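Trainee: Once you have looked at the hints, place chains H and Z on chain L.
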Amino acid sequence: MKKITVIVRNLPMNTRRNAEALRMSVGLTLREDKVTVIFLDDGVYSATQTKPELINLKPLTKEFEVLSMLKCTLLVDRLSMEKRGISNLLGNVMPVQRDEIVKTITESDIVIPF
Amino acid sequence: MAVELDLKGEVCPYTFVKTKLKLEELESGEELCVTFDHAPAVENVPRSLKNEGHKIMGIEQKGEHLWIVRIRKA
Amino acid sequence: MKLGILLTTSPENENTSTVISISSAAREQGHDVSIFLMYDGVYNIQKKEFTDLIEKGVNIAVCAFNVEQRNIARVDGILFGSQYDHACIAGEVDRFISFG
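Chains as they are written, first to last, in this note's numbering: chain L, 34 to 147; chain H, 35 to 108; chain Z, -7 to 92.
Looking at chain L on its own, in the form it has when it is part of the complex (with noise of 0.2 angstroms):
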């Protein structure tokens, strides 16, 4: 078993590759490794209540009942959220600090900055 990390950190409206990030990470746990999400910089926006559909997106909503169903860790950086004065979150994410991002990404045997 692998420890797979992918690491989100783009602004979400204007593109597709959050949303491909996570559908990724929902592939990645078929062969039973272990998979973690990463929220960094402008990807913790994509970890937050937002309305997309009020500019024709779809919402991730399934892509993160799925994740949280197969029980992947959704991890989202702290330092980055105070930047940006971010605090709602969404119900199935953590917070955590820098350090423990450190820590994720060092010991994961791939990681996948999407």
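No lab work stands behind these hints: they were computed from the structure.
From a predicted model like this one, the values you see are computed outputs, not experimental measurements.
If you anchor each label on the Cβ, the simulated ranges turn out as follows:
(1) Z:4 x H:98: 33 to 39 angstroms
(2) Z:4 x L:82: 34 to 40 angstroms
(3) Z:66 x H:90: 19 to 25 angstroms
(4) H:58 x Z:64: 33 to 39 angstroms
(5) Z:44 x L:87: 44 to 50 angstroms
(6) Z:66 x L:103: 27 to 33 angstroms
(7) H:97 x L:132: 50 to 56 angstroms
(8) L:131 x H:96: 49 to 55 angstroms
Virtual Cβ for every residue (Gly too), placed ideally from N, Cα, C.
Mentor: Below, chains H and Z without anything else, positioned relative to chain L:
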């Protein structure tokens, strides 16, 4: 009587994830009939399931974008 | 050694030529190379220099869902697979590099 699973409207990899989770509820040798309307899933889900050791009993096209895949759990 | 590569950008990005160079060099040294293309990375199958990697013995798989979304024609020698295939590559390789 085979267990049925309707995955219309689902795309990859949710098609495989949900099929796999359903199979986990079944006993070895039981059959599962899954309905797909996502063409790539009809090619890929059976191939991936075979790789996981399950047996594909048949793939039936029911309409232009509708297929039923019959699986026997390993 | 088994090398896995994920490419998620389209061919105008410099990632494409980097992936071609790394894969070719790895094959010349006798390593196994498997590439998975998804998101805009699937556009690389339209680039000859990229598909030439097949002849060099590089395994290429794409996310068929992304290919279908972009209405791209299939190419012989490439596996039109799924995220499951990506998980298999990630699970099997000794080293994995991501280009996004």
